[in-house]
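Peer 1: Below are the chains, spelled out letter by letter.
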Amino acid sequence: MECRTCCEALTAFLDGELSGLERRAVEEHLAACSACQENCESLRYSEHLVGAALDEMLAPPSWGRIVPRLEPRPSWLDLRRLFGWAWQPVFLTVVVLAVLLVPGFLENGGGVEDAELEMMLSQYVRERDEMENLHYGIINTEPVGWVYYNPYADHSSSERRNPYSGE
Amino acid sequence: MLLPVLILHFLAVLPGEGQRDWDEVRRIAESQHEIVMLLIQNEKFEEVLGETEKIFSMNFPVEYQGLLVEGAEEISDALIHNKQHLLAQKVLDQCLEAVTDADLQSRVCKIKAYLFKKMGDDEEAVNFFRKAIDLEKKSGQP
Amino acid sequence: MTNEDKGRKRSSAVSGDQLDVLVAKAKSGDVGAFEQLYHLYSRRIVNYIYRMTGSRAEADDLTQETFIQAFRKLDTLKENTKFQSWLFRIAQNQVYQEYRGKRPQIDSIDEEDGPELTDAQKLATPSGTPENQILASELRELINQVIGELPEKYREVFVLSALHRFSYQEICEIVGRSLASVKSDIHRARVQVRDRIKAYLGENYGMSNLL
Numbered sequence: 001m002e003c004r005t006c007c008e009a010l011t012a013f014l015d016g017e018l019s020g021l022e023r024r025a026v027e028e029h030l031a032a033c034s035a036c037q038e039n040c041e042s043l044r045y046s047e048h049l050v051g052a053a054l055d056e057m058l059a060p061p062s063w064g065r066i067v068p069r070l071e072p073r074p075s076w077l078d079l080r081r082l083f084g085w086a087w088q089p090v091f092l093t094v095v096v097l098a099v100l101l102v103p104g105f106l107e108n109g110g111g112v113e114d115a116e117l118e119m120m121l122s123q124y125v126r127e128r129d130e131m132e133n134l135h136y137g138i139i140n141t142e143p144v145g146w147v148y149y150n151p152y153a154d155h156s157s158s159e160r161r162n163p164y165s166g167e
Numbered sequence: 001m002l003l004p005v006l007i008l009h010f011l012a013v014l015p016g017e018g019q020r021d022w023d024e025v026r027r028i029a030e031s032q033h034e035i036v037m038l039l040i041q042n043e044k045f046e047e048v049l050g051e052t053e054k055i056f057s058m059n060f061p062v063e064y065q066g067l068l069v070e071g072a073e074e075i076s077d078a079l080i081h082n083k084q085h086l087l088a089q090k091v092l093d094q095c096l097e098a099v100t101d102a103d104l105q106s107r108v109c110k111i112k113a114y115l116f117k118k119m120g121d122d123e124e125a126v127n128f129f130r131k132a133i134d135l136e137k138k139s140g141q142p
Numbered sequence: 001m002t003n004e005d006k007g008r009k010r011s012s013a014v015s016g017d018q019l020d021v022l023v024a025k026a027k028s029g030d031v032g033a034f035e036q037l038y039h040l041y042s043r044r045i046v047n048y049i050y051r052m053t054g055s056r057a058e059a060d061d062l063t064q065e066t067f068i069q070a071f072r073k074l075d076t077l078k079e080n081t082k083f084q085s086w087l088f089r090i091a092q093n094q095v096y097q098e099y100r101g102k103r104p105q106i107d108s109i110d111e112e113d114g115p116e117l118t119d120a121q122k123l124a125t126p127s128g129t130p131e132n133q134i135l136a137s138e139l140r141e142l143i144n145q146v147i148g149e150l151p152e153k154y155r156e157v158f159v160l161s162a163l164h165r166f167s168y169q170e171i172c173e174i175v176g177r178s179l180a181s182v183k184s185d186i187h188r189a190r191v192q193v194r195d196r197i198k199a200y201l202g203e204n205y206g207m208s209n210l211l
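Chains as they are written, first to last, in the working numbering: chain G, 1 to 167; chain W, 1 to 142; chain F, 1 to 211.
So here's chain G without its partners, still in its complex pose:
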């Protein structure tokens, strides 16, 4: 196993998410590579600090506030019960009005306002920039560069070959 493969697998290794074969490959590599061992220990300790800092500290709203709002939507039968013989014309009227009014509403810009769109786009661009920096920052700081994942690789088998292991 190469260092870059090991590094990319470290988090999954610490989380117990690797298959038996993958886990053994990482353990063997860590036993022989002090740099990756150090990387692993620092991730482990950081996880410990994060775990201690984060906790489910916030209390949920009381059940009493939820109960009055627990009303299931009227079923089809309920509509008939509510409106009796008149439900059909009522329903048809609503449908006709919707067909007539909705296109006009959409034409007048029932969608997102321009300013809001610009703001959402800016935010999206910022987040993608950060992801790019994060990804390629990792490439630059971990032992060997060019780390990526293959979305088509088979992850379903518990004893599969690690696609990055070169085995």
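Hints are computed from structural coordinates only; laboratory data are not their basis. Cβ coordinates follow ideal geometry from the N, Cα and C atoms, glycine included. Some clues are possibly wrong.
Simulated DEER-style distance windows between Cβ atoms [to be verified]:
#1 F:G206 x W:D21: 32 to 42 angstroms
#2 W:H85 x G:E116: 32 to 42 angstroms
#3 F:G32 x G:R126: 45 to 55 angstroms
#4 W:Y64 x F:Y205: 47 to 57 angstroms
#5 W:W22 x F:D30: 14 to 24 angstroms
#6 G:E27 x F:G32: 41 to 51 angstroms
#7 F:E203 x W:K44: 37 to 47 angstroms
Which chain G residues stay away from chain W? Per the calculated CB distances, all over 12 angstroms, these [unchecked claim]:
#8 G20
#9 L30
#10 P68
Dumping the calculated DSS-like pairs for lysine-lysine here, alpha-carbon to alpha-carbon at most 30 angstroms [as the list claims (entries may be wrong)]:
#11 F:K73 x W:K137
#12 F:K82 x W:K138
#13 W:K118 x W:K54
Chain G is fixed; fit chains W and F onto it per the hints.
Peer 2: Below, chains W and F without anything else, positioned relative to chain G:
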């Protein structure tokens, strides 16, 4: 470095006639994705589109088309990192042709919007982002 | 070694069978059964939403909306034992609808609002010197800030993994992405958080070699 590329290229089975089970499709896509990433790593950009087309022309079942978007995202990220924005746009266009789900199309349009922003074309960026939002609404996703 | 062997997996409040029975009862209109589900999962949901939005008030409101939606749509849940993942998915949608494109501004939580410190927290908050206590408090604030600054795509999987201890497969079901994508993003988020903590310790305490 070119030897693995040549070997993988030789071994990759091109899409053919008839039905093919999902596992075979997946394995082909996996190999092709590796080829593309190797080409980018070796800066053989002129060959990228030809190889990505092989992935996106494979008629993925709808339930697996999300992988196409993830693959396109990974490839376009790598191209952006190598300052190949136009090429990244073309890869995303290939992906857009290949996915039928509105939510997936929306994701691709957002990445295209990001790319146009990076290329300095704010107008197209806004157009594609608006298209992405409209597709999201159509798919019923938040 | 599985998650359980490593002692990482969260303890489950109910068994799969018990959950199946509770959800089935709730589906048939038993509000008492739904109340039990509420008490089992509401704390997790409110803290997840808080981590995603940074607002206690919004976490409160959206938690209520989440459970109301869950009650209305319970019939759409096909596998009763997947209730928790399904519930988190609803919570996630609520967050997206309210907070699409916005960055959370983290409200602080006073310790009186929550339960007594766990053993792990006490370890991270040594009762030794005042300097150690200040460091622990600053670290906690830093970690909260760093998590809030993660891109949304990384933050959601990081919180589900680090705080709520979901397995990667469960996280895939909640966020609707592939295992490869989730694995990769969790790793990137963890490295980012580790590097920020390391930089902070190095700059302020000369302790970068601690990590």
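Peer 1: Compare the distance between the alpha carbons of K73 (chain F) and K137 (chain W) with 30 angstroms, and conclude whether the hinted pair is satisfied.
Peer 2: holds, 20 angstroms
Peer 1: Just to be careful, I want the Cα atoms of K118 (chain W) and K54 (chain W) compared with a cutoff of 30 angstroms; is the pair within it?
Peer 2: holds, 27 angstroms
Peer 1: Mind verifying the non-interface call on P68 (chain G)? Its CB should be farther than 12 angstroms from each CB in chain W.
Peer 2: Nearest chain W Cβ is 26 angstroms from P68 (chain G), so the label holds.
Peer 1: So does H85 (chain W) sit 32 to 42 angstroms from E116 (chain G), Cβ to Cβ?
Peer 2: This hint is violated: roughly 26 angstroms between Cβ atoms.
Peer 1: Go ahead and decide if the range 47 to 57 angstroms is satisfied by the Cβ distance of Y64 (chain W) to Y205 (chain F).
Peer 2: holds, 49 angstroms
Peer 1: Was G20 (chain G) rightly flagged as not at the interface, with every chain W Cβ beyond 12 angstroms?
Peer 2: holds, 22 angstroms
Peer 1: Is it the case that L30 (chain G) keeps its Cβ farther than 12 angstroms from each residue Cβ in chain W?
Peer 2: Holds, because the least Cβ-Cβ distance between L30 (chain G) and chain W comes to about 26 angstroms, which exceeds 12 angstroms.
Peer 1: Is the gap between the beta carbons of G32 (chain F) and R126 (chain G) within 45 to 55 angstroms?
Peer 2: holds, 47 angstroms
Peer 1: Range first: 41 to 51 angstroms. Now tell me if the beta carbons of E27 (chain G) and G32 (chain F) are that far apart.
Peer 2: holds, 49 angstroms
Peer 1: Quick check: does the Cβ-Cβ distance between W22 (chain W) and D30 (chain F) fall within 14 to 24 angstroms?
Peer 2: violated, 41 angstroms
Peer 1: Note whether the CB distance of E203 (chain F) and K44 (chain W) lies within 37 to 47 angstroms or breaks it.
Peer 2: Holds, at about 42 angstroms.
Peer 1: Per the hint of 32 to 42 angstroms, is the separation of the Cβ atoms of G206 (chain F) and D21 (chain W) within bounds?
Peer 2: Violated, at about 59 angstroms.
Hint compliance for this structure: hints 1, 2 and 5 are broken, all remaining hints hold.
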